[in-house]
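**Student:** As a plain string of letters, each chain reads:
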Amino acid sequence: MNYQILGNNYQRKDGIGKVTGSETYTSDVILPRMWHARVLRSPYAHARIISIDQTAAKALGAVVLTYADVPHLKYNERIVSIPPHLFRDRTVLADKARHVGEAVAAVAAPTEQLAEKALRALKIEWEILPHYTDPADAQSENAEPIHDAVLLNGEMKPIENNVAVARTVNVGNVDEGFEHADFIFEREYLTSRIYHAQMETKSCVCDPASDGSITVYPTTQSIHNTRQLLGEIFNIPLHKVNVKRVAIGGTFGSSIQMNSIIPICVALALKAKHPVKLVSTREEDMYDHVRYQTKLKLKIGVTRDGKITAGHIQALADVGGHNIQAYALLSVLAGWSASLYKFPHLRFEGKAVYTNKTPSCAMQGFGNPQATFAMESLTDEIAHELELDPIEFKLKNYVGLGGTFWGQGPSVQSIIRSDGVPQLLHDGAQKIGWRARPKAGTQTGRYRHGIGMARGFHTSGAGAPKPGEVIDYSGAFIKINEDGTVDVVHAMMDHGGGTLEAIAKIVAEELGVPIENVGISPADTLTTVYDVVTHATRGVYAGGGAAHKAALKVKQQIFEYASRVLELQADSLVIEPDYELRQGVIYCPNFPERRITLGALAKQLQINSWGTMAAVESLRQVNCPPAFVTYFIDLTVDTETGHVTTNRAVIGSDCGTVVNPAMAIGQLEGGLSKGVGYALVEDNQWDAQTGQLTSKGFWIDGKTPAISEAPFNENIITHFSDTYEPSGPFGAKGIGEAATNPCAAAYANALYNALGIRFTELPITAEKILRALNAEENREARVEMREMEAMAVMQAAE
Amino acid sequence: MREFDLLQPKTLNDALEALAQNNATIRPLGGGTDMLVDLRARRVQPDTLVALQGVNELRGVTRANGHLHVGASTTIAEILKNPLFAPFNALRQAASVFANPMIRNSATIAGNIGSASPAGDMLPPLLALNAQIELVSRNETRVMPLSEFFLGPRKTAKRADELISSIQLLVTSNQSPVSNPQSSAFYKLGLRQADAISLVSVAVWLERDGEKIRDVRIALGAVAPRPMRATRAEEILRGQIFSETNLKESARIASTECSPISDLRASADYRRRMIAVYVRRMIEQAWQHF
Ligand SMILES: Cc1cc2nc3c(=O)[nH]c(=O)nc-3n(C[C@H](O)[C@H](O)[C@H](O)COP(=O)(O)OP(=O)(O)OC[C@H]3O[C@@H](n4cnc5c(N)ncnc54)[C@H](O)[C@@H]3O)c2cc1C
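If you read the sequences in order, they're chains A and B.
In terms of the numbering used here, the first sequence has 69 at position 69, counting the first letter as 1, and numbering is strictly consecutive.
In terms of the numbering used here, the second sequence has 183 at position 183, counting the first letter as 1, and numbering is strictly consecutive.
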């Protein structure tokens, strides 16, 4: 396809502000009469509050809130799931602490210093309860309940054995499937609980007005969901709740939900009758969210010639102290694991269990990095055992073009209508030198070199033909200004990946105006129509789709009005950017001399009092096309230290039409950078005895890799497939989460290629590699010994 | 964080006077990169902090009488920049992997010594370079080998009324016909390559005499209650021909000499193994510098 604007790189609209530090983030918001807040967090993993002495804090002039002072309505911070699947288990401040760092009281005072003083002056008496860091212990017969009951669709649902939710999916008859198998492979994979490590910590400013309305400046991925939840919790009609879009300093999924500090800030502001600002410290933020830790047990049956006959997936997810979206997680774990492969028979059994740890939530990929690590490791292993090329094995069992794709889980099915997988695998293999890779386990010597491959995907959004378990639609309002420039009013957030840039480009492309003429308006919930949230790799596909729909409407109006002015049939007109005039120009190709710029047309409309060219549209995509990604990793292991060096990474993406080429490459490089940390380094451990985060919330350990150890840009080779997604705006799909999903598996497979050892637990640290090498050496030594002994016996017998 | 008084003396005398007067909990403050973290974690709760930033006597790096005098307030960044540190490769290498550029601009050498963390990155190079430490109080000035200064984790021979005033390093010029060529090297193993706490660190210093190692010092970080010298490992090499066999044996002994712990970053066993690897590699590296 030939596009005027899509596929070109332009300077980002928010670029200069961000690199010069003049962009406004929540922590930069300063309002007249503003107070400052601090939150009291539990030092214990599981403890009931007996009393809180507020006298000293109040004497300092602070406003104090405890559980007794806040609404007791149980809420779920992520209202993406529809009410029947929304497990509500938390309140603005907790009645009991369910993890270290849980917010139990809060103060606001005229200065930060005073607020901190007041916080220290609060005296709490605790009753310490037994705590559980391991889901297995939490489920034990006599375990102390972490939650007695949660609110589900208006009714209290008792929680038993601390199991937050369980789910089973059956396709066909697995027992029958396994009977047809020549070989059955079974393995267990364990992933880590890593912290999102986004740059900006969660913050909020709330400005209460005398008429009972509030204006909120939060760190969020969804201004509308934040608004609705605040309205519900504080019983304020929605027209009196305005949530502003403020730039966000990265998120990786940690703000899909309304962050727990937001309602605390609002409650303080309402009580203090002052604007209140609440900025989390890094330590506090680390106690707020982590990626779901999952144990995945996979069992796959195959025939001798490499056809999958059945799969059985058992998943155990560690929810932490609050259930943010475990039901949805179990659904997608099934989808992410199984979607790429044709399973004639499949059984999925998932369970999510409460523990007394930081609550888990979505993080770039939402269960997909976990599932893909397991699935792409095991399929690699099966291929090796069957002496098949893993690429061949994967393609042989691949769903492919026209196939039904589960994606987000059994209830969100769509058809694959664009498929770059074969091309990406072919090109990637060539670029990395796949055929020349070493034979696994044959190397000796200090440095061992390996090449590994994995593929993955993420669905572009969660749309489907029928309403599903999650809400997925967007809206956009577009208007033509009186000089021919365009305002795009869209509620979507841009986490830094360029979502809003892409939306501007899609609008400019459709309206035929130079990109400079399209402005992304500041957004808030009063002036935008609903968008669910920027998550699930849906920004360009779903948010861009809504903007495209509105642009098509506006374009129709442009042609209708232009036809009046030019006296030509509306259907005969086209509009194109004219870079000298810096305007979109409307004309009829048959009479090119009769033309008018969009600016002149808009002005004419105004002079004639005809009205404004504008449209507002909502769109639910009825598909969620998979955005595919392939990873080829070339690495070297220093067998003296276990240290892994990435020599080259070849990352292929099928995101349909590439809207922002430089930013798409940036997404892939970013996905690699987050993925390497997940694969090799990052972890958060909890002390079983004390229930404390072993790093104590200090950001010293378990961090993301430093820029100095990331592969050099010239060693990261990115490539894109030539695909066009028929249901996407101008053929575009998503990319963001897909970009990281296969990374850990590609590393694990490359390590197998280098060392002949399979790693099934993340992160694969240098120490674990060295330990495995040792065990392997010892095993070999033992085998050699046994062989020698056997020889000796044989010789003796002779 | 608890409230405290902050004194900002302009002269060394005033600083020492304050330390001598104040018998409550008083602490010197250098760049504050350890102190602020400790204050927030309530590991220390001083009533008074004496900021040393304004005290000129504690600044500056000078060369005199065959020694390099390194003022207490010398920052890690300056060690990287100032050409006077060029002969001390191990120190430079440690500075280059220290924290991040921002921290390096405030963190001081005296602060690193004063914190006496077993994982302090400047400490093994200073030990390998046989540094002397100068301590001053209102009444006396004393100089001691740095190796005698560290008593345990966060415990030193410094009295509450004393300040570290400078570090002294022996400078031997390679041009001089009498002295033998010398070389040093340092490696820090962290969980990542920037802003990491050392799992282990190794500094070595060698003096060469033909094919022989005339003298050697090996210092280890993060593998004992305090930064330590691996003296038995040194003995294997001292006066011997540089050989693969000696090297391996010395490295092996170094790994048995230390007493690392297991924690969330690494197991004791891994630390030991890494000591063996990096002692060997650092000696090789220092030898290659000749
Ligand atoms: C993000 C971060 C990363 C870090 N990374 C590293 C690292 O990679 N390697 C490493 O070794 N350390 C690291 N540190 C720790 C710290 O930066 C160093 O130990 C630093 O050298 C401390 O120096 P300072 O001047 O900031 O000391 P301060 O914090 O001011 O003081 C430290 C201690 O020394 C005492 N003290 C200071 N000056 C004197 C003096 N003149 N006489 C007597 N006592 C004195 C103080 O009383 C205090 O007990 C890091 C710290 C942070 C916050």
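Source of the hints: derived by calculation from the structure; they are not laboratory data.
Any given hint could be a false lead.
To be verified - Distance ranges between label pairs, derived from CB positions: (1) B:Val37 x A:Pro467: 50 to 56 Å; (2) B:Ala160 x A:Ala59: 31 to 37 Å; (3) B:Ala157 x A:His72: 57 to 63 Å.
As the structure is a computational prediction, the values presented were derived from the model and not from experiment.
Using N, Cα and C, we set each Cβ at its ideal position, and we do this for glycine too.
**Student:** Holds or violated: the 31 to 37 Å window for the beta-carbon distance between alanine 160 of chain B and alanine 59 of chain A?
**Tutor:** holds, 36 Å
**Student:** For alanine 157 of chain B and histidine 72 of chain A, compare the CB-CB distance with the range 57 to 63 Å and indicate the outcome.
**Tutor:** holds, 59 Å
**Student:** Falls inside 50 to 56 Å, the C-beta gap from valine 37 of chain B to proline 467 of chain A?
**Tutor:** The hinted range 50 to 56 Å holds for valine 37 of chain B and proline 467 of chain A, with Cβ atoms some 51 Å apart.
Every hint from the earlier list agrees with this structure, and none is contradicted.
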